[in-house]
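With the hints in hand, could you dock these two chains into one complex?
As given, the protein sequences belong to chains A and B, one line each in that order. Quick note: the first sequence uses the numbering used here, first residue 1, plus one each step. Quick note: the second sequence uses the numbering used here, first residue 1001, plus one each step.
Everything labelled a hint here was simulated from the structure, so no lab data went into it. You may find that some hints are simply not true.
[Claimed, not checked] Quick partial rundown of chain A residues pointing at chain B, CB under 8 Å, derived from the structure:
id, residue
1, Tyr-154
2, Lys-158
3, Glu-323
[To be verified] DEER-style ranges, computed between Cβ atoms:
id, chain 1, residue 1, chain 2, residue 2, range
4, B, Asp-1348, A, Asn-91, 25 to 31 Å
5, A, Asp-110, B, Glu-1177, 49 to 55 Å
6, A, Asp-310, B, Ser-1104, 43 to 49 Å
7, A, Leu-268, B, Ser-1228, 30 to 36 Å
8, A, Asn-335, B, Ala-1098, 41 to 47 Å
9, A, Gly-135, B, Leu-1243, 33 to 39 Å
Built from N, CA and C at the ideal position, the CB exists for glycine as well.
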Amino acid sequence: MQKEYFKNIDETLISEVLPNGLKINIVPKPQFSKSYAMFATNYGGADRRFKLSGQWLDTPAGVAHFLEHKMFDMPDGNALSVLSSRGASPNAFTSSCMTAYHFESTSQFDENLRTLLTFVSTPYFMPESVQKEQGIIGQEIRMVEDTPGYVLYYNLLKCLYSANPVRDSVAGTVESIAEITSDTLYHCHKVFYNPSNMTLAVVGNVDPDAVIAMARGILPSEPGEVPESDFGGEEAETPHQSNSKATMEVSAPQFLFGSKLNPEKKGLPRLRQVLIGEIALRLLFGPSSPFYTRLYADGLLNGSFEYELDYTAGTAMILAGGESRNVDGVMNELNTEIAKIKTDGLDKIQFENARKSHYGTQLRILSSFSSLSQELANGAFADYRPLDVFEEINKINLSDVRDFITDNLSPVKLALSVVSPLERETKGQ
Amino acid sequence: MNPSTELIMSNVVLTCLQTDKFKTNCLSVNLLTPLSRETAAKNALIPAVLCRGTATLPDMAAIASKLDSLYGARIKPFIRKKGEIQVIGLYADFADDAFIPEKSDILEQITGLISEMLLMPKTHGGLLLREYVDSEKEQLLEQIRGRINDKRAYSIQRLFENMCAMEEYSTDKLGTESEAEGVTANELTRHYHAVLAASPIEIFYCGSAEPARVKAAVKASLASLPRSEEEPDMGTDIRMNSLEEAPRYFEDSLQVTQGKLAIGFRLGDCMEDPNIAAIRVFNAVYGGSANSKLFMNVREKLSLCYFASSFVDLHKGILAVSSGIEFDKYDAALSEILSQLDAVKRGDVSSHELSSAKSSVASDYRTIEDSPLALEDFYLNQTLIGPDCSPSELAALAEEITLKEVIAIAKGVECDAIYFLRGEKEEA
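Just chain B, same shape as in the assembly (with noise of 0.2 Å):
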């Protein structure tokens, strides 16, 4: 399986994926637009408001209906944080029109659908509805307060903010209460037509449809968007070391009843010249798989916690652990997640810890060839960072990492900041 891509218009590229191997076909539509604490909200509303009305049918109402008649299609808004790049858009998912009972011209249909939501939003006297952007302000300012709620991407969230509070990375990507209550029509129907002007697009295809025959439906249904000269300065900084010398540390307390503990590094040197399927193997080797260091020695071995996991943000270069653990144990989880590190750093890899981790590794590559929304996340990843192959040639690299690669990038990682959720009162 190999994606055909091609510039279609000025700073909008299109991949298209052919495949007769699902039986949904997806579309995508993805702005890139700088990260910033300054527009995260405004950006993150703009697909939720295209989302609510357009000018032949103009209410969610007329919009679901006509999915709903399209056999169920799904075209919803989203905000992606790739680093320190917020990509926002709207992504759509349809039945192949083999498989349902009717003759039918589904793909042309949700094109021209999307490419509506996108370019011709429901608007009072030039303006967003004021009705519409109010609403999705109010969802969004809920979405925003409501990140509390689920109390382990919670301490994630809240690390990054104190890890890399000098970094436009800290911003998260539904952008700050303070930014969301301030946005109005007037000034979100500027920035609407500022961002739409000025972001590279990239437009994903994949299902049973000759390219041609998308690249005919894509650039006839955007045929009035408009496109400025400029190119937005755009790209994620990565700091290579920790702050200072020591680990910052940083805490919250909240009426839970278990503790919640994330702990933030910096990859460092390997991000020079990323070799990503050794990353990712290091990150299965510590705490991103199932046989991993974490899980083996501070879950199972000494019950520590419930549990602990890595994962890696290749984007800007981060290690971060997430483990929920009783307050009490907060010193024994700290000092044995951070010495399963250490004994990464010294090559104590048994040979079975590591082919654990590269099957891990190559077998969640291989997977994403089963899933058309798994391929829109890599191919997006892939046009922001590289490297240019598919991901079983990514799979079959992982599968080649040796010991030296991830001690390698092991030493290079530096422990930054420490963040810890506690509880009110505890005794418990």
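Pulled out of the complex, with its shape left as it was, chain A reads as follows (with noise of 0.2 Å):
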């Protein structure tokens, strides 16, 4: 067990790898009521095509996360329910490159954890239950389809890649899910679910050697076989294709326009370009900059303008979006930024405060137990310590940051994903 003190924001991690391979990660929060936990597999929507013991194998769009449906199903009842009777707040996700299961509570801590460990480690699925499951996961998959994120999204991911499956809605397709056994469910859970592939992040009002002996206790003692995935092979630099139109029932026209970098797979460089790239997108696009503040100013971006850095399935990428009447104005004045930035460089000062602000925002991440969670799962599967970003931040350069802009948001490098709204009246008001 290794505990470190960061005297900086005083928080403790106590890390610890299981001789099964388990990745745990624990940060103690001595002071708070509710305490939080985070059983993850690196297994999502994406990996469907992979090796196990030299021999590929496919399965259908959809399994990780018809296997989250369907993990809370035990012989003597269900989980959720178990969890939530407690006066527990479970839930799951999954995304591209992770299935995630979790609770929050605020009493009986180990038993929920015992519960946790127990449900995701035992596969028991009924064929009844996944017939049952198929029509559920119908509706969820029908009701996303009516979400303008939803569908801006997807049709971005389409435009920016050629073969990764990151292109493909996690929840797969009515008619893929139809393929879908119990016999797959067994399957897949055996090959992702082992302690190898997985990791436990907890933080709060816990015991941290109560929490290792317990996942000690509970889970298989033989570490398993890590499968490996195949993303779709090498992607081309520049987008598969600049841009992507649709229409919905939407109030006005909402865009998303990303590009792919190249990752930094693993440990500090991988954390350094993490933190580069925050960095870079909030001088670029956050409150305080020129394009964000000149724009908002000219009505052609609204409150709704976001943006992110995304890592998943083997691939990263820079996103950003919102609501404007003017998408092709935005995507102009975008062009000239960058080219202003190519030209001009950045401003020292506001390099300065973006640093800040982001030392800042990484603290709030502290008081967030489900986001410090994700992080240190995030963090597990990449091998970096989240909490180092406190100390690493002072090394990022202002070079650094107009590198990671002018590499990677040129306008070859974007692509764009406009939903607009449908051409005739809109009914309802």
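The following block contains the structure:
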């Protein structure tokens, strides 16, 4: 067990790797009444084709998400009800690269953690319940199809990538999930839910030794094979396609643009790249940036404008978007801004402010148990410690940030997705 | 954790919750105004315009740079609907001095900045800058029109617009499109001065500073706050019964693939002298928790919907159910949702259902003490509707609620209106 105290932020990180390969990270928060635990596997919607013992296997789209729904079934009832009947708030999510089960509770943490570790490591899939779930997930798929953000996002990813499975919805399609049987679920559980492919993150009012002892006692003691996923091979540096347009029942055009970047895979280089990228995007798109404040004042952008840097399934991308009556105008301004940075560089004071501001934002994450747990889980899968950012942030230079912007946001690297209102009078009001 | 509350100026109350638990502190300034169709949009515009520029920081870039230099502090405008009171104001959250690399006085700087935004907005010839007013008006209009984008929230809003058509409650916190369209810089300036002088003000601080330090900072920075003699007539009219014998029915059609059903109820008799913990437990039994009757039966057992849940508005005495369904499941889903309420009225609630609901409510209350934002909202609600106790005391009360108390609440509940957002072509 490794224990490190971070004096600058008054936090302690306890890390352990069990003999079975499970990575455990714990941040104790003795003053709080709640505790939060996240048990995650490095398996998501994009892990559809993978190599196990030298053999390549293909699975239908949507298995990881389907498994997430069915994991809560236990021979003696439903783990969701067990946890929530103790007043805990359990939930789960599936992204392109991760499936995570988590709960927050203010009492009976040990029992709740026992339940979490037990149900996630116990496959129990009855054919009738698998069939019923196809109906429920079918509804979920339909529901997101009505969500402009969802349509924008996947249309953009289909522009950016030619083959990476992040292009397709994590939930799959009504057709692809129809192919899923209880056998598919048992198989994928066996492959991806072995402790060597998983991590446990705990933040809260807990006894770290007890957490580690419990994980050791409940989970299988032997390490497993970590499967290798096929994410569709090397992608070009530029987008597969430059833009996508759709119409939906929305009040104003919604847009999302993005670009791919060459991701650092692991360790400190990855942490540094994330930091540089986040500071760069804050300088370029943040609330004090010339781009945002000018376009906001001109009415080209509004408060819905957001941006992020996302690492998933062997790839990384910059995403930004919001709502605008003049999306072409926004894109023109963006290209002008990037060209200006290329020739004039960045303002030193603004850079210092962006760094300070990012420090404060990171400090905020320490108070959000769910965000911090998620960061710990991300860090466990990519071999870095999120609490190191407070030290590393001082080592980021102006030139790192400028290079990040000019390398990754030139016009040829950008793709654009737009969802416009249907061409008729909007009803309802 | 017990807050200290003090009247620091005429009709200005400062509540301080001193704790070194959090790495970020918060300070909010809440102006309480009566919710009404005629002024809601104007009120909603005020905090947004105040965030555009001040006498010394004339534009957004200047304000944002200042906030960046304060280690990413944020000051956000907000508009909240608390029954028939519209609360507008500014919310700041900022790093605690102890966790930043250099010595600093962020609290005083934030207090100064938030007060400057409130009292000294950027003006031209005594008027709020027309450019800022027009631009925020456009943004507000976009937001009002954009409510249709979130179909679930939209269906609930449409339910209340119809169900409470004769009550101020039907007004959305953003106001109406037609009111917003008519606002001018001239009119908004007049309204801003009136609201600033007349509104009771609630200030909330949560963080490591001593209350005396907070009070000194706030009093100094708000010294020029105008205060008028009259108190505005404010409060929420709680209707106890449904309007007609049978629930009224309303619907809209939009191009959507999934229907949204929203059902509104009056909580009824329990609102005479509301036992808040008991009402919350009742709601958790019925549809407000993961083990609730709606979740376990309508969704899990019968697969009639993708989601079905209930919530209560204790300011107004309303219960509402929201559900996403296939269009052709309308009858089945509606009848099941109503029959689950009847089950609670009959006392058909297992001890497991009751204990889960109690744990869920207790846990929700305890969690409030772990978040400055949640604490801020909790103490504002407490000021408006009580009761005078801490979240953990309410948690303990929730754990003592009996089935009898839950049944008594359920028996008073009356279904008042049903709203259905359906598709345009219904072969789906």
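Evaluated hints:
no.: 1; hint: Tyr-154; result: violated (16 Å)
no.: 2; hint: Lys-158; result: violated (20 Å)
no.: 3; hint: Glu-323; result: holds (7 Å)
no.: 4; hint: B/Asp-1348 - A/Asn-91: 25 to 31 Å; result: holds (28 Å)
no.: 5; hint: A/Asp-110 - B/Glu-1177: 49 to 55 Å; result: holds (54 Å)
no.: 6; hint: A/Asp-310 - B/Ser-1104: 43 to 49 Å; result: violated (33 Å)
no.: 7; hint: A/Leu-268 - B/Ser-1228: 30 to 36 Å; result: violated (60 Å)
no.: 8; hint: A/Asn-335 - B/Ala-1098: 41 to 47 Å; result: holds (43 Å)
no.: 9; hint: A/Gly-135 - B/Leu-1243: 33 to 39 Å; result: holds (37 Å)
Hint check: violations occur at hints 1, 2, 6 and 7; the rest are consistent with the structure.
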